[in-house]
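A.B. asks: Sequence order for the protein chains is R and G.
Residues in the first sequence are numbered from 1 upward in steps of one, following this note's numbering.
Residues in the second sequence are numbered from 1 upward in steps of one, following this note's numbering.
What the hints contain is simulated information worked out from the structure, not anything from laboratory work.
Be careful, since some hints might not be right.
Copies of one chain are not kept apart here, so a pair can be met inside one copy or by any two copies together.
Stated by the list, open to error - Subject to a maximum C-alpha distance of 30 Å in a straight line, what follows is the list of computed BS3-like cross-link-like pairs (lysine-lysine): (1) 97 <-> 119; (2) 132 <-> 97; (3) 20 <-> 119; (4) 132 <-> 119; (5) 306 <-> 373; (6) 397 <-> 306; (7) 97 <-> 125; (8) 271 <-> 408.
Quick caveat: nothing in here was measured; it's all calculated off a predicted structure.
Residues per chain, in single letters:
Number of protein chains: 2
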Amino acid sequence: MSKTPIDPATLDRLAEVAVKVGLDLQPGQDLILTAPTTALPLVRRIAAAAYRAGAGVVTPILSDAEVTLARYRHGHDETFDTAPSWLYNGMAEAYGKNAARMAIVGDDPMLLAEMDAAKVARAGKANSIAYKPALSKISNFDINWTIVAYPGTEWAQRMFPDLSADDATAKLADAIFAASRVTGTDAVAEWQQHNAALRARTRWLNDQRFDALRYTGPGTDLTIGLADDHEWHGGASEARNGVTCNPNMPTEEVFTTPHAHRVNGTVRATKPLAHQGNLIENIEMTFKDGRAVSATASGGEENLIKLIDTDEGARRLGEVALVPHSSPISASGLLFYNTLFDENASCHIALGQCYSKCFLDGATLSEAEIAEKGGNSSMIHVDWMIGSDEIDIDGIKPDGTLVPVFRKGEWAQ
Amino acid sequence: MSKTPIDPATLDRLAEVAVKVGLDLQPGQDLILTAPTTALPLVRRIAAAAYRAGAGVVTPILSDAEVTLARYRHGHDETFDTAPSWLYNGMAEAYGKNAARMAIVGDDPMLLAEMDAAKVARAGKANSIAYKPALSKISNFDINWTIVAYPGTEWAQRMFPDLSADDATAKLADAIFAASRVTGTDAVAEWQQHNAALRARTRWLNDQRFDALRYTGPGTDLTIGLADDHEWHGGASEARNGVTCNPNMPTEEVFTTPHAHRVNGTVRATKPLAHQGNLIENIEMTFKDGRAVSATASGGEENLIKLIDTDEGARRLGEVALVPHSSPISASGLLFYNTLFDENASCHIALGQCYSKCFLDGATLSEAEIAEKGGNSSMIHVDWMIGSDEIDIDGIKPDGTLVPVFRKGEWAQ
Ligand SMILES: [Zn+2]
Ligand SMILES: [Zn+2]
Ligand SMILES: [Zn+2]
Ligand SMILES: [Zn+2]
Numbered sequence: 001m002s003k004t005p006i007d008p009a010t011l012d013r014l015a016e017v018a019v020k021v022g023l024d025l026q027p028g029q030d031l032i033l034t035a036p037t038t039a040l041p042l043v044r045r046i047a048a049a050a051y052r053a054g055a056g057v058v059t060p061i062l063s064d065a066e067v068t069l070a071r072y073r074h075g076h077d078e079t080f081d082t083a084p085s086w087l088y089n090g091m092a093e094a095y096g097k098n099a100a101r102m103a104i105v106g107d108d109p110m111l112l113a114e115m116d117a118a119k120v121a122r123a124g125k126a127n128s129i130a131y132k133p134a135l136s137k138i139s140n141f142d143i144n145w146t147i148v149a150y151p152g153t154e155w156a157q158r159m160f161p162d163l164s165a166d167d168a169t170a171k172l173a174d175a176i177f178a179a180s181r182v183t184g185t186d187a188v189a190e191w192q193q194h195n196a197a198l199r200a201r202t203r204w205l206n207d208q209r210f211d212a213l214r215y216t217g218p219g220t221d222l223t224i225g226l227a228d229d230h231e232w233h234g235g236a237s238e239a240r241n242g243v244t245c246n247p248n249m250p251t252e253e254v255f256t257t258p259h260a261h262r263v264n265g266t267v268r269a270t271k272p273l274a275h276q277g278n279l280i281e282n283i284e285m286t287f288k289d290g291r292a293v294s295a296t297a298s299g300g301e302e303n304l305i306k307l308i309d310t311d312e313g314a315r316r317l318g319e320v321a322l323v324p325h326s327s328p329i330s331a332s333g334l335l336f337y338n339t340l341f342d343e344n345a346s347c348h349i350a351l352g353q354c355y356s357k358c359f360l361d362g363a364t365l366s367e368a369e370i371a372e373k374g375g376n377s378s379m380i381h382v383d384w385m386i387g388s389d390e391i392d393i394d395g396i397k398p399d400g401t402l403v404p405v406f407r408k409g410e411w412a413q
Numbered sequence: 001m002s003k004t005p006i007d008p009a010t011l012d013r014l015a016e017v018a019v020k021v022g023l024d025l026q027p028g029q030d031l032i033l034t035a036p037t038t039a040l041p042l043v044r045r046i047a048a049a050a051y052r053a054g055a056g057v058v059t060p061i062l063s064d065a066e067v068t069l070a071r072y073r074h075g076h077d078e079t080f081d082t083a084p085s086w087l088y089n090g091m092a093e094a095y096g097k098n099a100a101r102m103a104i105v106g107d108d109p110m111l112l113a114e115m116d117a118a119k120v121a122r123a124g125k126a127n128s129i130a131y132k133p134a135l136s137k138i139s140n141f142d143i144n145w146t147i148v149a150y151p152g153t154e155w156a157q158r159m160f161p162d163l164s165a166d167d168a169t170a171k172l173a174d175a176i177f178a179a180s181r182v183t184g185t186d187a188v189a190e191w192q193q194h195n196a197a198l199r200a201r202t203r204w205l206n207d208q209r210f211d212a213l214r215y216t217g218p219g220t221d222l223t224i225g226l227a228d229d230h231e232w233h234g235g236a237s238e239a240r241n242g243v244t245c246n247p248n249m250p251t252e253e254v255f256t257t258p259h260a261h262r263v264n265g266t267v268r269a270t271k272p273l274a275h276q277g278n279l280i281e282n283i284e285m286t287f288k289d290g291r292a293v294s295a296t297a298s299g300g301e302e303n304l305i306k307l308i309d310t311d312e313g314a315r316r317l318g319e320v321a322l323v324p325h326s327s328p329i330s331a332s333g334l335l336f337y338n339t340l341f342d343e344n345a346s347c348h349i350a351l352g353q354c355y356s357k358c359f360l361d362g363a364t365l366s367e368a369e370i371a372e373k374g375g376n377s378s379m380i381h382v383d384w385m386i387g388s389d390e391i392d393i394d395g396i397k398p399d400g401t402l403v404p405v406f407r408k409g410e411w412a413q
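So that you can see chain R by itself, here it is in the shape it has in the complex (with noise of 0.2 Å):
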């Protein structure tokens, strides 16, 4: 017999964590649960650890990618520009009344990449129209929700071309189990402590009010000015249902706004950015008063530029995020070409929409208000990694006066 790919007794942590933590379902809290089919063992262990909690009644949306890819291969084109709102309405109406989110991610990333591109973007802005009643439950904050990663064998191929689909899944279990920190025995203990250390970061950050972070390295000189009344954020956060959550499992980053006319200099990426099934390397970008001016890539190079060409904001940054080059995903080396893993990878900034959140009493604020302190707005959020073991990164408080924050990489406090 041999060694199943996935170690089952680890999975089992992964969904006690997922509930415990990633969601910290109430009593008699119903529960929905999206996930893709190739990740059923897991959503049959989250199913039962919610159950075990207390849940009310646990509901799976199962998506199916065969039946996702049937669409584009089959459907008649006039039908693209519809959506199943009814569901979504219902699950902003679930939403209302209280229910918790949980969403597996595990499907191949590049899924739809040999599909007709035109009609994958009019499914998916359809899609994006219908499902925004109840996204803005999930964005604004209004219930405890999480998303967790399960190592689904056509996704691992995508990683590991070169090895069997057992090789392959068992490779990508082994990364997201440590990602997610559910290899020690007491992982629920372990994610108190990374949130206890989180938090610490955030308070530091908060109280040191930096004017500016000055970035160094090869290729790299960059200075991102931060918004007004911007407020670092990361790890454990409670929602407005009262209930303390963990929206990313795994999460690594801690960030907040910068100010998108502030940002001077240049910038070199240290990973591929992997966007819609392309890949884009080597970006170098050019800012000044917080535009890109200029922006080259060593492959996709024309990719970059449609990105950046989306909308004004989409050449303005409106997220940046500090990760150490010793987190357990940067440790691995690896690409996951799914956001919720590499942009945990490393030390990153994000070209497009800012997040409310990320602002002293962000929940109050107009939009209006948000851009007068500097926040930027735009269609596209698209994270891009900037961090490495030869990053060094400097506060600047308001009157000029420098504090490390990063050495080499590493947190310098």
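On the provided structure of chain R, position chain G with the ligands as indicated by the hints.
C.D. replies: Coordinates of chain G with the ligands only, in the frame set by chain R:
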């Protein structure tokens, strides 16, 4: 390489027939496809067939037996009176906008047999209440809908406990494919022929305007009065959205409403009744003026008594259905533990609720009008088999004339 237990080409045909004949799915029409995860191979084929037929969006809503069991095994007691009404409200919205509905059955019919019966009953009741807005649009026939079957391995092993998983699945697959009339090369044409044959039967029966049917056979001498203005139905029929569909695949029966107060004599069941995980064997029942005045069984008699004691209507008949002994399901000699099949294996009667559509202009009748015409009402509707190759049935005209309907289990006309 071993032969796969379910022939892929025949499964393709089943998907095709389900979409074209079961639903007659219309271009641009959305489809809600409920199914157990075990039926994924059929789900994928139906999605592809639906998209080829011009479907809008196909949304599978997959249930999972393990997730369902997890609730009964681990769920806290106080949560068994709740249901995911958000999902059913969403479905009702979709049906209100003319989405079609297909259900696939395929799970072990005895799945919940070993779970706490009280919890199963509470959850079932909560679910029925929550599902009502969606179900009423189906039972009112607002939209085209159908139910088809997939040979799930757990179901197969319940039917063939002595066979290996693969052999049991292969045997159930053969039985489902034969019963669903998809073993030939032009299954759509075969279904059109079958529907025409059923239509000829219902037309003849409706023209006869029988006052009653008299059944004679071993242990059986039963006269079933038919309701005033009863109407026979069977096979394809037209939904209120104008689409003609086959709500059940397979379907062999023609059926109508008996008179709740004009049933007299004794009847012996010809097959065991599988009811809520229990088998009730060798039922004998005597009726006087419509009411079951004695009921015995050689096995599970206490369950039979509990059943007919549910409410006043549970002791009276709500359906009478005619199925020739030579129908493919009957010929298989199998007990499927699933009404979709077992009720199409044999002439049957049902204790409990009648169908309002089995009256002339039934859609316009009030509950009081239905009761006045002899239609029964009850919380239950339980079919049981009374047909065999030894049963004769005569139609009795209002003037007492006898017309042979069945001889030795087959149509006499
Ligand atoms: Zn980030
Ligand atoms: Zn980001
Ligand atoms: Zn029937
Ligand atoms: Zn029935």
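A.B. asks: Now, for every hint given, state plainly whether the structure supports it.
C.D. replies: Quick rundown of the hints versus the structure:
1. 97 <-> 119: between (34 Å within a copy, 24 Å between copies)
2. 132 <-> 97: both (17 Å within a copy, 20 Å between copies)
3. 20 <-> 119: Only across copies: residue 20 and residue 119 sit 25 Å apart there, 39 Å inside one copy, limit 30 Å.
4. 132 <-> 119: within (20 Å within a copy, 36 Å between copies)
5. 306 <-> 373: within (28 Å within a copy, 71 Å between copies)
6. 397 <-> 306: neither (36 Å within a copy, 80 Å between copies)
7. 97 <-> 125: This pair counts as both: shortest intra-copy Cα distance 27 Å, inter-copy 21 Å.
8. 271 <-> 408: Within one copy, since 17 Å is at most 30 Å while 79 Å is not.
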